[in-house]
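J.: Hey, can you work out the whole structure from these sequences and the hints?
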Amino acid sequence: MRSISQQTLKRVNRWKLAGVVSILLTGLIVLLAVENLLTSALIAFVVAYILGPAVNIIERQGVSRGLSTVLVFVVVTALITLSGFFIAPYLSETLYRLKEDTPRFIVGVGHFISELEGRVQAISGPLSTFDLTTRVESFLTSRTSNFFETLPSYVKTFVTVMLLGPFLAFFMVKDGRLMSRGTLGLVPNHLFETALSLLHQINLQVGQFVRARLLESFVVGLVTGIGLMAISFPYAVLLGIFAGVTNLVPYLGPILGAVPAFIVATANGYSALNIAAVAAVYMVAQLIDAGFLIPLMVAKIVDLHPVTVIVVLIAGAQVLGVLGMIISIPVASTLKVTVSTIYRHLIDTRT
Amino acid sequence: MNFMWDNLFRRSDQDRDVFEALRQTFVFQSLSRKELRFVQETVHVRAFKAGEAVFRQGEVGVGMYILLKGALDIFVDHPVEEELPPRSHLVTRLKGGDFLGELSLVENNSRRTATSIAAEDSQLIGFFKPDLLEILERQPATGVKILMRLSEVLGRRLKETTLKVTELKDDIRRMSERV
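Chains as they are written, first to last, in the working numbering: chain A, 3 to 353; chain B, -8 to 170.
These aren't lab readings, by the way, just hints derived from the structure by calculation.
Be aware that a few hints might be false.
SDA-like, lysine to any residue: derived pairs with alpha carbons at most 20 Å apart [what the hints assert, rightly or not]:
#: 1; chain 1: B; residue 1: LYS136; chain 2: A; residue 2: LYS338
#: 2; chain 1: A; residue 1: LYS176; chain 2: B; residue 2: GLU32
#: 3; chain 1: B; residue 1: LYS60; chain 2: A; residue 2: HIS192
#: 4; chain 1: A; residue 1: LYS12; chain 2: B; residue 2: GLU111
#: 5; chain 1: A; residue 1: LYS176; chain 2: A; residue 2: ARG16
#: 6; chain 1: A; residue 1: LYS18; chain 2: B; residue 2: ASP112
#: 7; chain 1: A; residue 1: LYS18; chain 2: B; residue 2: ARG37
#: 8; chain 1: A; residue 1: LYS176; chain 2: A; residue 2: GLY64
#: 9; chain 1: B; residue 1: LYS25; chain 2: A; residue 2: GLY68
#: 10; chain 1: A; residue 1: LYS176; chain 2: B; residue 2: ALA110
#: 11; chain 1: B; residue 1: LYS25; chain 2: A; residue 2: LEU69
#: 12; chain 1: A; residue 1: LYS12; chain 2: B; residue 2: ARG78
#: 13; chain 1: A; residue 1: LYS158; chain 2: A; residue 2: ILE45
#: 14; chain 1: A; residue 1: LYS176; chain 2: A; residue 2: ARG67
#: 15; chain 1: B; residue 1: LYS86; chain 2: B; residue 2: ALA105
#: 16; chain 1: A; residue 1: LYS101; chain 2: A; residue 2: ALA90
#: 17; chain 1: A; residue 1: LYS12; chain 2: B; residue 2: ALA110
#: 18; chain 1: A; residue 1: LYS12; chain 2: B; residue 2: ARG37
#: 19; chain 1: A; residue 1: LYS176; chain 2: A; residue 2: LYS338
#: 20; chain 1: A; residue 1: LYS101; chain 2: A; residue 2: HIS192
#: 21; chain 1: A; residue 1: LYS176; chain 2: B; residue 2: ARG129
#: 22; chain 1: B; residue 1: LYS25; chain 2: A; residue 2: GLU61
#: 23; chain 1: B; residue 1: LYS40; chain 2: A; residue 2: ARG13
#: 24; chain 1: B; residue 1: LYS60; chain 2: A; residue 2: GLN63
#: 25; chain 1: B; residue 1: LYS40; chain 2: A; residue 2: SER85
#: 26; chain 1: B; residue 1: LYS40; chain 2: A; residue 2: LYS101
#: 27; chain 1: A; residue 1: LYS338; chain 2: A; residue 2: THR196
#: 28; chain 1: B; residue 1: LYS86; chain 2: B; residue 2: ARG129
#: 29; chain 1: B; residue 1: LYS60; chain 2: B; residue 2: LYS25
#: 30; chain 1: B; residue 1: LYS25; chain 2: A; residue 2: GLN63
#: 31; chain 1: B; residue 1: LYS40; chain 2: A; residue 2: GLY64
#: 32; chain 1: A; residue 1: LYS101; chain 2: A; residue 2: SER66
#: 33; chain 1: A; residue 1: LYS12; chain 2: B; residue 2: ARG129
Part of the chain B face toward chain A, derived, beta carbon under 7 Å [to be verified]:
#: 34; residue: LYS25
#: 35; residue: LYS40
#: 36; residue: GLY42
#: 37; residue: GLU43
#: 38; residue: LYS60
#: 39; residue: GLY61
#: 40; residue: ALA62
Ideal Cβ positions, reconstructed from N, Cα and C, are used throughout, including at glycine.
T.: Here's what the structure looks like:
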């Protein structure tokens, strides 16, 4: 039998590789072009990474993959629906109260700023004719009224994403393996083992990272919520949830998460001691995070230098805003794994 | 239409061949039919043209291959002189049903100890470390059976190597006594 010439083989492999790259690029373009698809796909990945291990546990008992997936999704949907019945009335009541209280909070922030401005000017003399208080008040008023006006459209997007995300996640958990095998089938032979190994490492690292970060945020939110409840602070649950969500953004998140509590405290005219108690709650939550959760769960998974983290955070914020800040770290660590694997492959091929 | 039917039957023929090849491979021989079906969904069937390398000596490998169809030549590079490229020696030719590269399934950053080139158009079943880890995660009992068989293969290889080394040592001792 005639052997294939190395030149023909190289040409065929180049075409195959071009095919795989164009399929991946097309997928990426579709993700970016179709409205809500990127967010839905990201949610789908997160849901798949959370529920995948539960599906594996049921599958280990001899139940088929399909049935295990259905069981897990049905149970989780039932649990979310049930908890929704308890949380929805509280949330709508809190949001209504928040809407009513917002003008008071804005005035409170205005008072705080003008007081601060007065004190600064008492020390340094008049700095300029710049009226900071009015500017901040008008900015906050327009932003909050915008928020409540655009809330229905946010809810529409939220519902779309929350339906599409889990729907995609179901198939990712059930048939994810078949999908990745199908794509890997197109990879040229000389790159196949590298591609398979790369996909496995990325999957493992991103999965561990997503689970660890969500657990970390859950604990931070829980500690904050319980702490605020313990000092009888208003909106304790909502502020706990907010602190948990913002904690997903490295470095900046904990500060952003604490801001609303200080606005509420300032607007309600809390004493310095009470404000110190609020600060203590947030600090305890952050100490638990920095002292236990990050060293135990996150640091081992993502080995990125702090400067790299800051740079990718800024880049993420520039490209995709808050969403970009949340996903920038897993994307950066995926790129790191990809580059190091390709580099190792090149070294192997060259030597 | 005929083309579609041809493809469909070719696919089912290939599925049957892959199942049979797995069933007859020592590593999977203790698995039940259901377990074999699960393994079949995990493995990767790859086609190689005659003259195409499956892997090269010194590359990092992540798994083993079972020869489904065709033939593979196994070469080992021997250094001749420091400045000259190593010389390749044909060690053996593998035929359908043979398997190779199983050490990479258990060793971390395992380097291939030989080069494998398709002697004719060949089809191989690839079974890699990520696949084994997935089986262990989803069906641990199946994974343990595979690992037990794999240990048996590696143990046997180690025994053979130890015997070979002992024989060589004896030869060297005898030669040095004669000198």
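J.: Given the hinted pair LYS12(A) and ARG37(B), is their Cα-Cα distance within 20 Å?
T.: holds, 17 Å
J.: Does LYS101(A) lie within 20 Å of LYS40(B) when you go C-alpha to C-alpha?
T.: Status violated; Cα separation ~70 Å.
J.: Hint check: is the beta carbon of ALA62(B) less than 7 Å from a beta carbon of chain A?
T.: Nearest chain A Cβ about 9 Å off; hint violated.
J.: Hinted pair, alpha-carbon criterion (20 Å max): LYS12(A), ARG129(B). Please report holds or violated.
T.: Violated. LYS12(A) to ARG129(B) sits at ~38 Å, over the 20 Å cutoff.
J.: Measure nothing beyond the straight line between the CA atoms of LYS25(B) and LEU69(A); if it is 20 Å or shorter, mark the hint as holding.
T.: holds, 16 Å
J.: Does the alpha-carbon distance linking LYS60(B) and GLN63(A) stay inside the 20 Å limit?
T.: violated, 36 Å
J.: Check whether the Cα positions of LYS40(B) and SER85(A) lie no farther apart than 20 Å.
T.: Roughly 58 Å separates the two Cα atoms, so the pair is violated.
J.: With the threshold set at 20 Å, check whether the alpha-carbon distance from LYS60(B) to LYS25(B) stays at or below it.
T.: violated, 24 Å
J.: For a C-alpha distance cap of 20 Å, please report whether LYS158(A) and ILE45(A) respect it.
T.: Between LYS158(A) and ILE45(A) the Cα gap is close to 16 Å, so the pair holds against 20 Å.
J.: Just to be careful, I want the Cα atoms of LYS101(A) and ALA90(A) compared with a cutoff of 20 Å; is the pair within it?
T.: holds, 16 Å
J.: Going straight from one Cα to the other, do LYS12(A) and ALA110(B) come out at no more than 20 Å?
T.: holds, 18 Å
J.: Given the hinted pair LYS338(A) and THR196(A), is their Cα-Cα distance within 20 Å?
T.: holds, 15 Å
Checked against the numbered hints above, the structure violates hints 1, 5, 10, 12, 19, 20, 24, 25, 26, 28, 29, 31, 32, 33, 34, 38, 39 and 40; every other hint is satisfied.
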